[in-house]
Amino acid sequence: MQQRLARGEEAALAELYDRYASLVHSLAHRVMDDDEAADLITREVFGYIWENPDAYDPQNGPMRSWIAALTQRHAVYQLRQYENRGRSTPAEVEARVREANTAARADFIVTSMPTPLRAALELAYRERLDYREAAAGLGVSEDEARRRLRLGLQLLSTAMEPGGRPDASLDQHARRGLR
Amino acid sequence: MSGPVHRDGDGDGKGPGGGGDGLPRVPQQRGQGGQGRQDDRHPVDGAAGRGRGGELPPVSPPASDAPSASAAAAPAEDVSASEPSAPPAESEAPLSPEAHEVPVSSEALEAYDPPRAPDFDHLTLKSLLGAWALAACSGDEALAVELHLTDCAACADEALRLRDAVRLLHQEESLDLDPLLRARVLEGCLGRRPARIPMPEWAGPYGAEAARLDALLRDLGDGYWRAPVALRWFDGAPVTRQFTVGQVLTHLAAVDGLLIRALGLAAPGDEDDGRPPERHGAAQLAAVARDRFGHSPRPEGELPLEPWERTEAHWAAQRHLPGATLRSLWREQTMTLVRTVSFAGPGASALPVDYGDFALPLRDAFLDRAFECWIHAGDIADAVDYPYDPPPPRALGAMVDLAARMLPGALAERRRAGLAHSPTRLVSAGRPGRCLRLEIEGDGGGNWYLPLDSPGATASPDSMVAHVAMDSVEFCHLAAGHVEPERAAAGQLGDRTAIREVLYAAASLSRL
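Residue numbers (this note's numbering), protein chains in the order written: chain F, 1 to 179; chain R, 1 to 512.
Please note that the accuracy of each hint is not assured.
[Said to hold, decoys possible] Heads up, simulated EDC-like pairs for lysine to aspartate or glutamate below, C-alpha to C-alpha not over 20 Å straight-line:
hint, chain 1, residue 1, chain 2, residue 2
1, R, 126, R, 157
2, R, 126, R, 164
3, R, 126, F, 144
4, R, 126, F, 143
5, R, 126, R, 151
6, R, 126, R, 146
Source of the hints: derived by calculation from the structure; they are not laboratory data.
Predicted, not measured: the structure shown is a model, and the values here were computed from it.
Bound-form chain F, shown alone (with noise of 0.2 Å):
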């Protein structure tokens, strides 16, 4: 995908907007609370992965975390601006971005946790099913299905705890990555 989109082709990033929209407005909107500041971030976000697509690096994890990351940085930085528009209280703006990063931590958790968890806590979640159809359709005992889904939100729990990804660091991101 990276080599085709440095190649520029249009489909490449059609591709690319179709794989990671849905996920780059979410977590937008979930910064911003607002639609049409979720677009404006999803323009930037994705005219920035366009013009500089050497910028991910393979190295540092799959694509899907780096772009969560990236939009991440884009969102606090946007809502920064805000804070300097007098727009929101600074104190409005911090609890914001800590949620929102709490939010990220949990994005990346989720991501990232064992796949059997992650499969648990999706048929339990996004299809609506409770523990024994869970079990029957991973194919596991009830008592194993019971334990993912306990162990799943355990771990996601674990984004609520402050000192994950420093903000700085975020921000400082965020300032390199916009024009």
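Starting from the known structure of chain F, fit chain R onto it as the hints suggest.
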């Protein structure tokens, strides 16, 4: 605006879940209220109950046809239904055949999950906390957990934590992005850095519609592949037939395969070396794509071209494939098509695509497939009660234009088949004949002057004998066979017979 067929409900504009995103979910357990989980996050819940009852074979086979039976089933039934041949007591090896009279052990009791008196030990309750927080246990279990939380501080602590964690799960993805955003974002990108390998304009709508359907399928998840979808078309009279989501998708992939074939991307069985030289642009890319499709499970070379027969051949060959596989086969193929024509050069737009009974130039075939993709995505969305918008104006306009351009040919075909009733005058090609003004209103609209006497006759406002005005989405639904010609909400003026012929010809454009 939407026509009468297109649903204009509350869901318009806002995506499913668009409004519910910020709401924390309070666990409401199964068996409470008897409808499984019902919150406002997904408007499909009603349909979900129905679809799922029939979709999840392993859970409760005897009740699989009853709406939401599996969700509402009492826990005790669940256990016995999922293990009909091995009642839990059997695992207690020493039990004799008279076991049912012997008091059962506490483990067995647990497994039986008695509906009234939940009697779980601390460890079991603790193990249930995750399922409880996710509202994924039975009502009795939830009750037992909640009672337990009032006198076990450790569990109460964890329960709260896990429930907060569930709120973090929420933010999967926006379910329904504004389709216009896609065009704006892509244009913005291309403004910042022009594409070195641009996508032909006529391929754009196909790529966008495929992406939209793919997003819908992703939202639906794997529980819906066998959900019934009613397909409607017009074959002299309205026809409705039930298929499944998986079959509809296979149908799309089967006919898209005609374009793959036209680009020389045929799978094994075709003589690749004998390709005409003018296809060289596509052919080079064909090699790339062939690597990906070479292992396709179907014997491409032997499939019929006629769309309906081809679809049936695909259904027969792929009926055992899981829905997720069908989806990725279809999606891969759509991306390969778009990518291939991007590399193929301008000559590719005129490549003939053989549909068996007729042929379309590739650029029109792409539009036709975009149209079909939208229409069938709409069919699927209707079946599961999802909102689904029409394509963006520019794409809609291109589709309307294609249908309008195909109308004279369809009129001629109906005449040949003896279906036309209007008196025809023979008009040789290039000569002026009677014409009808088709005025399409709304997004993507415009005016088309359709020759009535012969597809080759010239048409101009001077020879106009009738005027039909119709909304663009309504016109598309007519061409899709979703609206009966007699009932199409059209403003009409002039020769009634000519108008009737044109409306019937439009409906006859609908294939399955």
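Consistency of the hints with the structure:
no., hint, verdict
1, R:126 with R:157, "holds, 11 Å"
2, R:126 with R:164, "holds, 17 Å"
3, R:126 with F:144, "holds, 13 Å"
4, R:126 with F:143, "holds, 11 Å"
5, R:126 with R:151, "holds, 13 Å"
6, R:126 with R:146, "holds, 11 Å"
The structure shown violates none of the earlier numbered hints.
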